[in-house]
Amino acid sequence: MPPKIRDLIDRLERAGYTDRGGRASHRNFVHPDVSKPITISGKRGDDARIYQIKAVNKAIEEAQK
Numbered sequence: 004m005p006p007k008i009r010d011l012i013d014r015l016e017r018a019g020y021t022d023r024g025g026r027a028s029h030r031n032f033v034h035p036d037v038s039k040p041i042t043i044s045g046k047r048g049d050d051a052r053i054y055q056i057k058a059v060n061k062a063i064e065e066a067q068k
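Here our numbering is used: the first residue of the sequence shown is 4, the next is one more, and so on.
Among these hints, one or two may not hold up.
[Said to hold, decoys possible] In silico SDA-like links for lysine to any residue, alpha-carbon gap of 20 Å or less: (1) Lys-57 with Arg-14; (2) Lys-46 with Pro-35; (3) Lys-61 with Pro-35.
[To be verified] Okay, the calculated beta carbon distance ranges per label pair: (4) Glu-64 with Pro-5: 25 to 31 Å; (5) Asp-22 with Asp-50: 19 to 25 Å; (6) Ser-28 with Gln-67: 15 to 21 Å; (7) Asp-10 with Glu-65: 16 to 22 Å; (8) Asn-60 with Thr-21: 16 to 22 Å; (9) Met-4 with Val-33: 14 to 20 Å; (10) Pro-40 with Met-4: 25 to 31 Å; (11) Met-4 with Lys-68: 17 to 23 Å.
I should point out that these hints are in silico values taken from the structure, not numbers from a laboratory. These numbers come from a predicted model, not from an experiment. The beta carbon of each residue, even a glycine, is placed where N, CA and C say it ideally should be.
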């Protein structure tokens with residue numbers, strides 16, 4: 004069972020990302036040490052897509068360097 008969008012958002016926030024806002028169901032997260040923001044789309048209760056999970060994992064890895 005894939006994680007929910009809310010789980011991805013929680014992981015990003017624990018890694019130090021902050022929600023910069025967005026339009027409709029899109030949210031932009033920024034980190035002070037990472038130059039590229041990450042965008043997560045979908046409602047909080049939706050299942051996360053594979054590409055979203057990979058993007059969150061990569062963003063968290065970049066923030067930890």
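Look at the Cβ atoms of Asn-60 and Thr-21 and judge whether their distance stays inside 16 to 22 Å. Holds, since Asn-60 and Thr-21 (Cβ atoms, about 19 Å apart) stay within the stated range.
Holds or violated: Lys-61 and Pro-35, Cα atoms, limit 20 Å. holds (16 Å)
The hint says 19 to 25 Å between Asp-22 and Asp-50; measuring C-beta to C-beta, is that right?
Given about 20 Å between the Cβ atoms, the range holds.
(request) For the pair we were handed, Lys-46 and Pro-35, check the Cα-Cα distance against 20 Å. (result) Since the Cα atoms of Lys-46 and Pro-35 sit roughly 25 Å apart, the hinted pair is violated (cutoff 20 Å).
Given a hinted range of 15 to 21 Å, is it respected by the beta-carbon distance of Ser-28 and Gln-67?
-> Roughly 28 Å apart at Cβ, these two residues miss the hinted range, so it is violated.
Problem - Holds or violated: Lys-57 to Arg-14, with C-alpha atoms at most 20 Å apart - result: Holds, at about 13 Å.
Q: Given the range 25 to 31 Å, decide if the beta-carbon distance of Glu-64 to Pro-5 lies inside it.
A: 20 Å Cβ-Cβ, so the 25 to 31 Å window is violated.
Next item on the list: Check the following: the C-beta atoms of Met-4 and Val-33 are separated by a distance inside 14 to 20 Å.
Entry: Hint violated: Cβ distance 29 Å, outside 14 to 20 Å.
Q. For the pair Pro-40 and Met-4, does the Cβ-Cβ distance stay inside 25 to 31 Å?
A. holds (28 Å)
Mind checking the hinted window 17 to 23 Å against the Cβ distance between Met-4 and Lys-68? violated (30 Å)
Exercise. Determine whether the Cβ-Cβ distance between Asp-10 and Glu-65 falls within the hinted range of 16 to 22 Å.
Key: About 19 Å separates the Cβ atoms of Asp-10 and Glu-65, which means 16 to 22 Å holds.
Against the hints set out earlier in the document, violations occur for numbers 2, 4, 6, 9, 11.
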